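Undergrad: The residues making up each chain are set out below.
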Amino acid sequence: MAEMLKVENIHKTFHPGTINEKIALNGVNLSLEEGDFVTVIGGNGAGKSTTLNAIAGVWPIDSGKIYIGGDDVTKLSEHKRARYLGRVFQDPMTGTAASMSIEENMAIAARRGQKRGLSWGITHKERDTYRALLKTLDLGLEDRLTNKVGLLSGGQRQAVTLLMASIQKPKLLLLDEHTAALDPKTAAKVLAISDKIIAENHLTAMMVTHNMKDAIAHGNRLIMMHEGRVILNIAGEEKKKLTVEDLLHQFEKVSGEEFANDKALLS
Amino acid sequence: MTILMSLDPMALFRSMPGAFAQGLVWGLMALGVYITYRLLDFADLTVDGSLATGGAVAVMLIRGGMNPWLALVFAFLAGMAAGFITGILHTALGIPGILASILTQISLYSVNLNIMGRSNQAVSVDKYNLVVSLRYISDSNSTKIRLFATCILLCAAVVSILYWYFGTEQGHAIRATGCNQQMARAQGINTNFHTVIALMLSNGLVGLSGGLYAQYQGAADVNMGRGAIVIGLAAVIIGEVLFGKLCAGKHFAFAYTMLSVIGGAIIYYIVMNIVLWLKLPSDDLKLFSAIVVIIALSVPYLKSKYGKKGVRVNG
Numbered sequence: 247m248a249e250m251l252k253v254e255n256i257h258k259t260f261h262p263g264t265i266n267e268k269i270a271l272n273g274v275n276l277s278l279e280e281g282d283f284v285t286v287i288g289g290n291g292a293g294k295s296t297t298l299n300a301i302a303g304v305w306p307i308d309s310g311k312i313y314i315g316g317d318d319v320t321k322l323s324e325h326k327r328a329r330y331l332g333r334v335f336q337d338p339m340t341g342t343a344a345s346m347s348i349e350e351n352m353a354i355a356a357r358r359g360q361k362r363g364l365s366w367g368i369t370h371k372e373r374d375t376y377r378a379l380l381k382t383l384d385l386g387l388e389d390r391l392t393n394k395v396g397l398l399s400g401g402q403r404q405a406v407t408l409l410m411a412s413i414q415k416p417k418l419l420l421l422d423e424h425t426a427a428l429d430p431k432t433a434a435k436v437l438a439i440s441d442k443i444i445a446e447n448h449l450t451a452m453m454v455t456h457n458m459k460d461a462i463a464h465g466n467r468l469i470m471m472h473e474g475r476v477i478l479n480i481a482g483e484e485k486k487k488l489t490v491e492d493l494l495h496q497f498e499k500v501s502g503e504e505f506a507n508d509k510a511l512l513s
Numbered sequence: 005m006t007i008l009m010s011l012d013p014m015a016l017f018r019s020m021p022g023a024f025a026q027g028l029v030w031g032l033m034a035l036g037v038y039i040t041y042r043l044l045d046f047a048d049l050t051v052d053g054s055l056a057t058g059g060a061v062a063v064m065l066i067r068g069g070m071n072p073w074l075a076l077v078f079a080f081l082a083g084m085a086a087g088f089i090t091g092i093l094h095t096a097l098g099i100p101g102i103l104a105s106i107l108t109q110i111s112l113y114s115v116n117l118n119i120m121g122r123s124n125q126a127v128s129v130d131k132y133n134l135v136v137s138l139r140y141i142s143d144s145n146s147t148k149i150r151l152f153a154t155c156i157l158l159c160a161a162v163v164s165i166l167y168w169y170f171g172t173e174q175g176h177a178i179r180a181t182g183c184n185q186q187m188a189r190a191q192g193i194n195t196n197f198h199t200v201i202a203l204m205l206s207n208g209l210v211g212l213s214g215g216l217y218a219q220y221q222g223a224a225d226v227n228m229g230r231g232a233i234v235i236g237l238a239a240v241i242i243g244e245v246l247f248g249k250l251c252a253g254k255h256f257a258f259a260y261t262m263l264s265v266i267g268g269a270i271i272y273y274i275v276m277n278i279v280l281w282l283k284l285p286s287d288d289l290k291l292f293s294a295i296v297v298i299i300a301l302s303v304p305y306l307k308s309k310y311g312k313k314g315v316r317v318n319g
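Respectively, the protein sequence lines represent chains A and B.
Just so you know, the first sequence maps onto residues 247 to 513 in our numbering.
Just so you know, the second sequence maps onto residues 5 to 319 in our numbering.
In case anyone wonders, no lab produced these hints; they're calculated from the structure.
All values reported here derive from a predicted model rather than from experimental measurement.
Beta-carbon label-pair distances, calculated as ranges:
id, chain 1, residue 1, chain 2, residue 2, range
1, A, Y313, B, I295, 56 to 66 Å
2, B, L97, A, D317, 22 to 32 Å
3, A, G396, B, I156, 28 to 38 Å
Take a look, some chain B residues computed to stay more than 12 Å from chain A by CB distance:
id, residue
4, P21
5, I92
6, Y113
7, V129
8, A153
9, V275
10, P285
Cβ atoms here follow ideal geometry from the backbone N, Cα and C, with glycine treated the same way.
Throw the hints in and build the complete structure from the sequences for me.
TA: Put into structure tokens, the structure is as follows:
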């Protein structure tokens with residue numbers, strides 16, 4: 247098994263030297279093997295999404311190293327790093343271009359990591375591929391290839407974004423609370439689609455979630471973050487036996503405080 | 005009543021071909037504005053300067069003996085250079101878009117004066133075989149037909165090329181950049197690069213339009229682009245309001261949209277001619293143009309804010 251992601255002691259402080267100074271990442275270490283699907287939990291401000299953004303290169307990190315598929319990507323800009331990554335965001339608006347059609351969005355995603363020249367942005371052959379892919383979602387989108395993405399519901403947009411993230415097989419799939427903005431029923435459906443896409447394409451994935459049940463039910467590994475660090479790293483058989491009570495208990499033990507997060511407790 | 009009696013319907017009728025030609029010429033500029041304002045979501049005020057740059061470059065080259073058609077190519081390139089500067093100021097130097105474009109526009113005033121050596125330069129249709137000219141309308145029927153054929157073919161060619169270009173991978177990347185930068189970068193699109201490219205293409209068209217307009221009116225003037233952005237916006241919005249429903253959902257929707265922008269420019273000039281024909285003071289034309297744009301921009305906003313039909317498309 248090859249190492250797909252290696253995050254070495256990364257640090258990030260926002261607004262350093264000001265009254266708003268915030269140490270967001272305080273020495274994060276993480277290593278993912280090919281095919282690993284890790285769920286990431288933690289309270290608000292623990293550094294979950296910040297870690298994903300650091301891996302995606304949204305801004306430069308202060309120190310540390312990030313390797314994807316063995317390549318050092320620490321210094322690469324966001325759009326150059328995109329060739330390694332599939333990303334789905336919390337806000338369904340973020341992952342797609344609303345004023346462009348479904349097929350155009352997919353065609354853009356299919357060219358991730360490639361040079362964009364003056365050949366047609368979408369070909370007839372591609373359309374058939376996209377129609378087939380959309381059919382697997384079972385949302386009736388296969389007949390709406392030329393509809394603008396802005397006309398779709400949040401759940402439909404997340405499903406399309408998931409397809410876009412995997413259409414050009416990424417070395418790492420980053421799911422940043424991608425069901426948090428959806429109603430429970432839609433969220434469950436999008437999660438099921440995520441599982442399916444990850445399994446079928448044998449993707450290595452990270453999924454940030456506020457929902458402890460989801461974090462336990464999905465993936466083969468689980469990490470918990472607190473104050474910019476990974477404080478818990480559970481894998482294999484141990485993860486399968488995990489319960490929400492275990493997690494809460496572990497959290498209190500490791501962090502020395504109560505897990506005071508309504509969203510996490512209520513779920 | 006007496007004012008109405010004093011109006012000559014024939015005068016209005018005679019002014020229409022001119023308005024039509026002017027609309028076609030400025031339609032190219034409006035297409036440039038459409039690219040930045042609608043596709044790139046960038047309020048680019050460079051156009052007020054780059055229009056005059058295109059005019060100045062074309063006129064000086066024609067006076068130097070260059071073929072008027074070839075001079076238009078250089079007007080296009082000069083416009084692209086102006087767009088490039090705005091793009092670099094914005095993307096590489098981090099200056100907010102609208103300010104970057106104002107800085108370029110102001111600089112271009114000096115540049116244009118330097119190109120021409122003074123504030124205006126004439127290019128006579130008697131001395132040079134110009135591509136378009138106001139005089140072709142009155143000279144003879146054959147020159148009139150030639151003028152309109154030239155303008156229409158030029159517009160058709162530009163629309164065709166843009167239709168192709170925005171269907172390419174690069175065109176898609178520009179549209180994604182304009183629509184959602186976060187998504188674009190996540191899909192590996194260099195948003196800075198494509199912002200610059202779009203600004204260059206847009207201002208290239210504006211420069212081309214300036215080169216044509218200078219030939220049309222027989223002179224380039226350092227102030228010829230003043231308020232061009234407002235005319236461009238007016239054309240875009242008039243086109244959308246009047247023809248928008250016709251374009252939606254069609255197979256060649258994007259081509260229809262571009263044609264409607266040119267149509268918007270033509271209607272703008274027809275309305276301006278009517279305003280002049282009504283003997284309203286021409287000093288107020290720019291105020292009138294601005295009001296048209298203000299109304300057109302604010303109505304959709306107010307409708308969505310207070311209207312019952314405000315539909316939100318997300319779920």
